[in-house]
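Asks: For reference, the chains in residue letters:
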Amino acid sequence: MTEDILRINDLSTRFFTKEGQVNAVERVDLNIKRGEVFGIVGESGSGKSVTALSLVDLVESPGEVTNGSVEYRNEELAEALRDEYPDAVDGSFVDLRAVPETVRRSLRGASFSMIFQDPESSFNPTLTVGEQIAEAAEVQRRARANPRSTRAKTRGVEYSFSSYLASAVLPSRKFVTNSSRERAVELLEMVGIPDPVKRADEYPHQYSGGMLQRAMIAQALAGEPDVLIADEPTTALDVTIQAQVLDILADLQEETGMTIILITHNLGVVARMCDRVGVMYAGEIVEQGRLEDVFENHVHPYTEGLLGSIPNLDDVGGRLQPIGGNVPSLIDVEMGDGCYFADRCPRAMQECLEKPPDFDGPGGEEHVAKCYLADHPYDETQALSEEYFESAGARVTDRGDSAGASPGEVSEDD
Amino acid sequence: MSIAKFLLRRFLQGIFVIWGVITIMFGLRAVSPGDPASLMAGEGATAEIIEQVRVQEGLDQPLYLQYIEYLQGMMVGDFGFSWQARREVSAIVIGRIPATVELAVAATVVAIAIAIPLGVISGTRRNQPADYSATMFSLLGISTPNFWLGLMLILVFAVWFGIPYPSVGTSSLPLSGVSVPYPSSVGLGMVDLPTGRRDVSFGVAVSALVFEQSLSEMGTWLRHITLPAITLGTYFTALITRLTRSGMIDELGKPYVTSVEAKGLPSVLIRYKHVLRNTLIPIITVLGLQIGTLMGGAVITETVFNWPGLGLRLIDALHDRDWPVMQGIVIFIAIAFIIINIIVDALYASLDPQVSDE
Amino acid sequence: MISDRVKSNLKDTFVDSLLPKVGLVLLIAILVMALFAPLLATHDPTRTGHFHETGAPYPPMGYSYETQVAQDGEFGEVSVESNSTHVLGTNNIGQDVYSRFLYGARVSVIVGLSSTLLAMLIGVPIGLVAGYYGGRVDDGLMRVADTMLAFPALVLALALIGVFGESPVHVPDPIVMAGFADGMPETIPIPGTVTIVGALVIWVWFARVARGEALSLRNEEYVKAAQSFGTGNAQILRQHILPNSLTPIIVLATIQVAVIILLEASLAYLGFSGTTLSWGYEIERGQDVLRTRPWVSIVPGIGIMLAVISVNLLGDWLRDALDPNIDQSKRGA
Ligand code: SF4
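Protein chains in written order, with my numbering: chain A, 139 to 552; chain B, 298 to 655; chain C, 317 to 649.
In case anyone wonders, no lab produced these hints; they're calculated from the structure. There could be a bad hint or two in this list.
[As the list claims (entries may be wrong)] Below are the DSS-like pairs computed for lysine-lysine, each with C-alpha atoms no more than 27 Å apart in a straight line: (1) A/K171 x A/K156; (2) A/K156 x C/K540; (3) C/K327 x C/K337; (4) C/K323 x A/K156; (5) A/K171 x B/K551; (6) B/K302 x A/K156; (7) A/K156 x C/K327; (8) C/K323 x C/K337; (9) A/K312 x B/K302.
[Said to hold, decoys possible] Computed Cβ-Cβ distance ranges for the label pairs, DEER-style: (10) B/V406 x C/K337: 34 to 40 Å; (11) A/D167 x C/K337: 29 to 35 Å; (12) C/L340 x B/S504: 27 to 33 Å; (13) B/R383 x A/P309: 51 to 57 Å.
Cβ coordinates follow ideal geometry from the N, Cα and C atoms, glycine included.
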């Protein structure tokens, strides 16, 4: 296949809460290829949304990306940063975690952009939709205005407090220019919003949920990003609208060739959109590979549990299967040393009390699973005793409540 | 509902409330324990004058006729006649407006100029030294009685630091051309303490600046207004700081902020164009209501500094038991408050797009 | 009613932060001062004439000041030393500042609590009825409330006092009556008009909050159920609506105590409270001698400030912990 655009190594994100340290993302390794749609699938509280936010450095306090690297392939950026941050640059890859925050900021919108779950709360209610999309377009326009300047590449758009004050009296100093406003209308049209000129001047509360999600896609596309991270883009919408929004995303991806990281708990969406999938559980990617491999040749019992009711890829629209027990709380001190899934796993063995490494799966070469079953078949004689499950079961149900409350996690109660 | 309709409704409500205010004041006169005629005539009036007042003011007529006449008078801006001061109440009120407006505006400007940056700093740097100081300041600010604060400012700046202040005496209102003597009602004159005697109004200071290129009048004006403005403005500064801080914290936690950050907008714009703006919209309505506190505070501040505004005149009228002047000032203040609130609502409606649709 | 969740919330927010603790300590201190003023006071606060031999008031402990005294027909500077029985000195008419400070707390607390209670008694029933019945009753109330709110609180209070005059109520002091504190005044003058006027000024806030609560509670299932059983409206209001709307009313009441304390002080400062035993009045008294004897004004001002701070801190704590829909806009205009 094609080259990697993102190489994520050992990425960990922790939340330092009153209840203790929450390991929302635990040593995640992922390679994302240019132009593919990569799905991250998991239950609520599995850390998938935090993973998305970690990629663009938007994890909010008390959360913090504590470890790992996010390497992003961008020749120009690598060129611009090579002298200043030699350690961060490796060939045409730049380790985003090793460069200052200003650089990461400057990539938002232009290299990475995001679509959020709930369009209604993701737009500022007091500005028109057109203005907000135009802002995104303007960021891009200003960044491009001076392509040779390293500053523009690595420092983001300059707009000081004094320019803001001046803009109150001088319309010419306003951040958003007319050409960006026009661009916003084009973008709205592109995502299929009828009468875009008029709708651009409307406020978010005047839009329906589906329309607003399209507008958000338009906003995310304004920067012509390399990578679009869509966090549960259809969860808040009803079924027919979901399909339309997915179609738009698919079409746009085809047209622009951008990479999409699609985060969802809906396997139907994954089956329909993705080239490759990573399955997330308790902050870890427990199995990843090409769509067919994960759906048909999966080895991890958790993946199997998720897919339980979906016999094959054609049966879309399926939801995650409820699996006995609850997602663990992810609180550091309560996490065991072994496989995190062991207390819910029907095939847990003695050795599972030891953390399983990544094993190659039976599928294509990129098929990887964090499970001993990928290495050797189930050995009944090694099965964990009933007592283990009872004590673990009790523990898990206890923690069940706090799982949903783990900070930074978008709730997915539908 | 369109904004125009919303405002029309607000306006009609305002008229209704003004009518209510006038009725309450009329009712108070009617239920007052003494004889209304002697109430109107004021303290120390002779029996002769009281009778004269009774006839002239129509107090010998049935209550409903009195009420109709009262309303009619109010409608044409006739607030009655002060038998003590022997002048139209409306003239007295008008003469006192500029001083109070100057003071109130100066206090508001001071408050907004200090409070919003302070609130922003405090809200965006939570639990840092700057935040703690701002929180302490605002706690003290909303808890300190302003008359005491005024005295303490005088004590610290004028008495201890010896910053010169004009000595007390009688003063006049240069703009209105009417000379109003003030008894030194608070007695500061005895010890030659500074008071905000108003030698120069803002208008005079500006015209001196424009036409004579003279800064000295402006300096005098500033020197007079600084301490009273701080005294009156402190509560507001503290209140707005508090509101801005908690508003910023709420607003920064909203999902749209993450979304705005994700599109790479410069942080200045995130902070001010998005977050602060949305924080201020609800604060505006609170401030509208708090203008009442400002007006009450002005009464006190004017008394402390002998500042020749409506509030000081109200207190003088109360001491003199000059009912017509008192009721005229009270009604005027209430009407001003109502009008300011309508303006505030209009501002709110124009800033929050959701108002007009709800 | 106060649920367990609310209780644990109250506890958590109290344990976690410093400010509520400061507030509570201050409040207790002020309540103790108010309650036991006759026992703690060193002098009868109303007795005048505690002067230095020069005829000048005593400064607080550890201070001294110069005063002009006529001696043998000539003026001379004499130093006035403090007197150990007058810890905070005496005021211009020779009253003990410390004792007046304690009694000032008493008056403030009594007025603050009784006025707020009175306002609650007026406002809450009216608000509950208006919100519960809705329709015309409600419209009527809201218009009255709008009208009341059109008057700045202090201005309305002044207008009411202008009409009704100011009359103190002399309340017998139980501690003195029981013979525990000889030489203290047997009655304390409470500014009666101010208490009533304060209630008349702030009741609207209680009515508004109670109305809002009743308005949302009347659509609750249990209220609907009670109605379908034929329970009388009065009983529903008493048994269901009132208990469930108490939380925001309590928070509001806390904040309003601070409003009343400031109002009383302001009126006393302006000379309209009808009593002279008040922090506000004392500040006014010290104003004449601010330059030479600043303590006369400084001491009672600190009293007001501490009282208001303590109430505000507790109000903040309750608001944060109970989180009812009360905001700064309801602080009283
Ligand atoms: S490693 Fe063991 S416990 Fe974990 S999923 Fe695989 S079989 Fe189950």
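Asks: Now tell me if each hint is right for this structure.
Replies: For each hint, the structure was consulted:
1. A/K171 x A/K156: violated (38 Å)
2. A/K156 x C/K540: Violated: A/K156 and C/K540 sit about 41 Å apart, past 27 Å.
3. C/K327 x C/K337: holds (11 Å)
4. C/K323 x A/K156: Answer holds: C/K323 to A/K156 is near 19 Å, not above 27 Å.
5. A/K171 x B/K551: Distance ~33 Å between A/K171 and B/K551 Cα, so the pair is violated.
6. B/K302 x A/K156: Roughly 50 Å separates the two Cα atoms, so the pair is violated.
7. A/K156 x C/K327: holds (16 Å)
8. C/K323 x C/K337: holds (16 Å)
9. A/K312 x B/K302: violated (31 Å)
10. B/V406 x C/K337: 34 to 40 Å: holds (37 Å)
11. A/D167 x C/K337: 29 to 35 Å: violated (49 Å)
12. C/L340 x B/S504: 27 to 33 Å: Violated - the Cβ-Cβ distance for C/L340 and B/S504, about 56 Å, lies outside 27 to 33 Å.
13. B/R383 x A/P309: 51 to 57 Å: holds (56 Å)
The structure is inconsistent with the numbered hints 1, 2, 5, 6, 9, 11 and 12, although it conforms to all the rest.
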